[in-house]
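Single-letter residue listing:
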Amino acid sequence: MSPMSYLDALEAESIHIFRETAAAFERPVMLYSIGKDSSVLLHLLRKAFYPARPPMPLLHVDTTWKFREMIAFRDQVAAAGDVEVLVHINEDGVRQGISPLVHGSAVHTDVMKTVGLKQALDKYRFDAAIGGARRDEEKSRAKERVFSFRNAQHRWDPKSQRPEFWHTYNTQIHKGESVRVFPLSNWTEMDVWHYIRREGIPVVPLYFAKPRPVVERDGALIMVDDDRFTLREGETVAMREVRFRTLGCYPLTGAVASSADTLDKIIDEMATSRSSERQGRVIDHDASASMERKKQEGYF
Amino acid sequence: MTTVEITPAVAQDNTNLLRFITCGSVDDGKSTLLGRLLYDAGMLPEDQVAALIRDSRKLHADAPDQLDFSLLTDGLDAERQQGITIDVAYRYFHTQRRSFIVADCPGHEQYTRNMATGASNAELAVVLVDARKGLLAQTRRHTYICALMGIRQVVLAVNKMDLIDYRDDVFAAIANEYRELAAHMGITSVHCLPVVAPSGDNVGQRSTRMPWYRGPCLLELLESADTAATQAVDFRLPVQWVNRPDASFRGYAGTICGGQVAVGSEIVVQPAMQRARIERIVTADGDLAEASAGQAVTLTLDREVDVSRGDVIADATRPAPVADQFAAHLLWMGDEPLLPNRAYWLKIGSRTVNARVTTIKHKVDVNTQAELAARRLDLNEVGYCNIDLDHAIPFETYADNRTLGGFILIDRQTHATVGCGMLAFALRRAANVHWQHTDLNKDVRSASKGQQSRCLWFTGLSGAGKSTVANLVERRLHALGYHTYMLDGDNLRHGLNKDLGFTAEARVENVRRVAEVAHLMVDAGLIVLVCVISPFQSERRFARSLFDGGEFLEVFVDTTLEECERRDPKGLYRKARAGEILNFTGIDSPYEAPEQAELHLRTAGLRPEQLAEQVVEQLLAGLGPHHSG
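Protein chains in written order, with full-length UniProt numbering: chain A, 1 to 300; chain B, 1 to 629.
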């Protein structure tokens, strides 16, 4: 028999990880961030347990600053009805009026995303949370395990990670502890797009180029997605043909100038232009090693 | 240079996947080699190349046009500064012919476990040596770990050929020596090639500076390596998940870890050995007629059999052997040493069982492969051991099947992964020593005594009052007409356990024997009172695991160390403080207080009679009415 294609091999590995999580934990959840990696995860989740329905809910930690098209996409997914979509918002943060425009990316991300996530995990007592992080995204991710242990305070200790052999994962935890599980660990950004094309997986339209209202701020192209966005002196909104390589909170997510409006064009563009994926993310540039610090505190 | 066709990096869906590792130290030029490989494969984003040009100029003002490829992959120094364990870093690249996952492994001895982690999923290793230095102890160690973890293909990259004037005789000598070494360790395929990593000679392109080498460059070797070499032949699927959406469907989901299967194949579910035929091979993309190793599928069977997670579905004509005692190589990764006879969880495939290492036959010096006598294994040490499980499991030798021959050991208390093992073979005594079934059982025996059997396990410091209280409890039970026996740790050391000392290893064995004897007595229908210090949580847990639910009552006789020392009925604390007794619990050996004892006797201010009454009350509350025989 001919060897499996590499996308088939990646798919099988991810399905194995999903099944292991469902079998070994009492209350697993899949974190759903609405981006392309989440779309791939959801597709794999459905495949892993076919013909049964996915045996775990999705959880979206809503910072209230996501692109409107993302929320519409999420609601479509929930409407499909085969999988439960839980939405959690940090109401304390909302009451305090936390905003990325006023408080900056660090405070906003910490309160609305990291704290919000911990609140939701505690509220539902989830003991395993599946996420879409990939090792090729960022240096500290490259060191992360597939089953990554978190203590009762949700903290990651990079110094005492469990060694991982073969596909034999240690899933033992004490009450109150949890693991984060990363089925896409060995996927690259390119793999994700090839797989989306091969499988015909729907993604948020923001990934495709189209004229959009953007402002140039601190070297990034920020899309003006609603009227909460206030212009600084000298800034003007211009319609430009742009698309997004990653999706997050709209004031913190830079667009790239692009005319790639189909999957084929996106893949071609990536093969030729080749800059790093997370370049457009304001959060990673805050301080050196910032991702590693955030992860230790409980960020995904 | 002759250009080999390498087109930037669009992975095609029809390419396959090779997982390999690189081993060698930073000094050998490993980071440079890997950086150069990624560059030659066209895998570097523009912003990274720009940063590389900038940083290379900054660091090497003397050679502004030379790129320092080590900057691309050298996360290691930064890791060292941050005090983070030097870890395996995974990298990904594609050529037109194949996709690659590289585990970049740290080279130093203290990171042996990290290297083994990377090697566990790899089919090939690139071992790097410095042409000026030839083979070193670390080369032997890296090769040994590769062989231990099942890698059978090695590319030996002899680097820095420019510094020895591209001499083919030096290269040939190193290559010959290495082939011999690798063959000795069971590595069947070795390809040696001369490289100069910074300039890319024989990395992504064939070099013109070493015309005497006519073989392929590194990238070509990686593209053509045999990925099927490590695949197991016989059909095996460890069941991960029983898929039961409704009454009409019952499927067994898992990843095939060996061979292939087709609809209609006759299979056997192990270890229970029930036979059936494959009815459907279900996937979300439609049913398959056949499936093979690596595929994650869901099988349905043509008849109802009892299958659960951890079972193995195997080819009925060639089923996996089943056993509960093995010889295995063990790589220890725990901060605490491996102690023989301590109980651990063993996970193999999707099954978790209780396991003990009964004997360490020898440990292996990872640098010289010399076999040394050992009574324990410390962090990063490799041992050849006998292992005993509480259940018979289907298995394969590691050489035949990594999934069903490789296992991890998990500490039952901390839940840390403390060891990984590779099964060598089942011990024949497992097959020969059968469990003799008897007609009478525990229930019959205890009923004839008009009671239910129990084990009361008294733990606490020396001098805490364990034996005093237990003695009073036994007298009281006897007076009430119960059949009892008291097992006293000190008394047993005069007979059954007189060969044991007081080291941590000996204490573990001491407690194991006492627990087994208590278990026999409970099986005989008795109420057993055990008095042993039993300082370690994991041994008490082991003892508990021998008994049925509710049968085992842990009694923590809690007297402070100061009070025990004040009493010092046998004068032992005085001797321990004077250094005349070593490994004395509470002084220079730890006592781990129970967290979930059924009964916590706080002795301060209470007389032994009052304490004994507490124990009797608790025991009788669980026993129900007594029917005197």
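Hints in this document: simulated from the structure, not taken from any laboratory. Computed from a prediction, not measured in an experiment: that's the story for all the values here. Among the hints, a few may not be true.
Said to hold, decoys possible - Facing chain B, from chain A, some residues (calculated, C-beta under 10 Å):
#1 A9
#2 E13
#3 F149
#4 R150
#5 W166
#6 N170
#7 F229
#8 T230
Ideal Cβ placement from N, Cα and C applies to all residues, glycine included.
Unmet hints by their number, sorted upward, for this structure: 4, 7 and 8
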